Amino acid sequence: MRKAIKDQAAKLAAAIRETDNREIEYRIGSFGLELADGSRPPAHMLRRIQQLSIQSETVCQWAEANGARRDCKLVYSAPDGAYYLGEYRWLDNNGLRYDVVYYQVPKHLEPQIRSLQKAMAQELGVCSQVSANGSDSGGGGCSPCAPAASFTEASDA
Amino acid sequence: MRKLNIDNPAKLFAQLSAITNACDPNDYAPLEYYIQGAKIELPDESPATGDWLLAIKAVELADDLVQHAESNGAMRRSFRLVYLAPLETYFWGGYYWRDPVGFTILVRWHRIPKTFNAQLDQIRQRNTDRRCGDA
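Protein chains in written order, with the working numbering: chain A, 287 to 443; chain B, 586 to 720.
Bear in mind the hints are in silico, worked out from the structure with no lab data behind them. Mixed in with the good hints there might be a few duds.
To be verified - Chain B is faced by these chain A residues, among others (derived, beta-carbon under 10 Å):
(1) G318
(2) R326
(3) L332
(4) I340
As the list claims (entries may be wrong) - Covered stretches of chain B, going by a simulated chain A footprint (3 or more residues, C-beta under 8 Å):
(5) 596 to 604
(6) 609 to 615
Unchecked claim - Here are some chain A residues the structure puts well away from chain B; computed CB gaps all over 10 Å:
(7) K289
(8) A296
(9) A300
(10) A301
(11) S316
(12) L321
(13) D323
(14) Q336
(15) V345
(16) K393
(17) E409
(18) L410
Please read these numbers as outputs of a predicted model, since none were measured by experiment. Every residue, glycine too, gets a C-beta built ideally from N, C-alpha and C.
From just these sequences and the hints, can you work out the full model?
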């Protein structure tokens with residue numbers, strides 16, 4: 287991801303966090319999903335986790351390191367008609383365990399998401415043009431927020 | 586008799602995997618299921634029946650003697666070694682993540698031939714000693 291876009295995304299994420307509009311919190315342990323007390327999330331919560339973490343559309347994802355590393359993704363949930371920020375905070379060095387929080391993005395911050403999407407689209411346009419001219423060596427240099435990329439692949443490109 | 590590397594979890598689970606892969610699949614059929622969100626499903630996606638759930642509960646709730654986890658991007662695997670005292674048998678379980686967020690996990694438990702009990706008993710003994718030392 288280009289630094290300017292990542293900075294824009296990180297700034298937006300900070301504004302979303304400030305609202306503290308937490309929808310769901312859970313832990314990805316070594317053997318599945320857990321609540322903070324180690325118990326398994328109840329069925330209704332698992333359904334919601336599935337909806338937000340798997341079935342939603344990823345707008346953008348990136349990694350931040352501020353002491354502990356955290357991976358973030360901005361998603362759109364069509365059934366809710368709303369955007370969410372998912373924050374995966376590493377609990378160990380190799381990213382095997384995470385504390386996860388999904389924040390609902392307030393409506394007043396949605397214009398910033400659209401602005402981010404526009405910046406990403408513009409960059410993709412530039413990348414396609416560069417590739418078409420044959421002057422880009424390829425290899426993933428232009429991959430802002432690729433929806434299919436894994437967290438590690440999306441970090442600090 | 587193969588010497589188990591009981592001090593190195595990664596090597597130990599690799600050895601256990603090789604040992605149980607070499608066993609007769611009829612005598613040592615693995616216990617296999619999916620943790621699918623809140624549900625336990627069998628490999629054919631049918632819900633686990635009572636007898637399966639009983640077996641699953643036995644291994645899931647057993648104390649870990651050794652744990653090990655590996656990650657390669659979104660691909661994760663976690664391993665557990667447990668001992669079921671009523672059967673005087675060790676089992677090792679592999680948890681294979683099917684998605685990056687841990688919603689669907691394939692779990693496979695293997696019975697370890699009793700010829701390895703003496704070596705694995707050393708791990709159990711060591712854990713007991715450690716607990717006593719901590720107390």
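Which numbered hints are broken by the structure, listed smallest first? 5, 6, 11, 14
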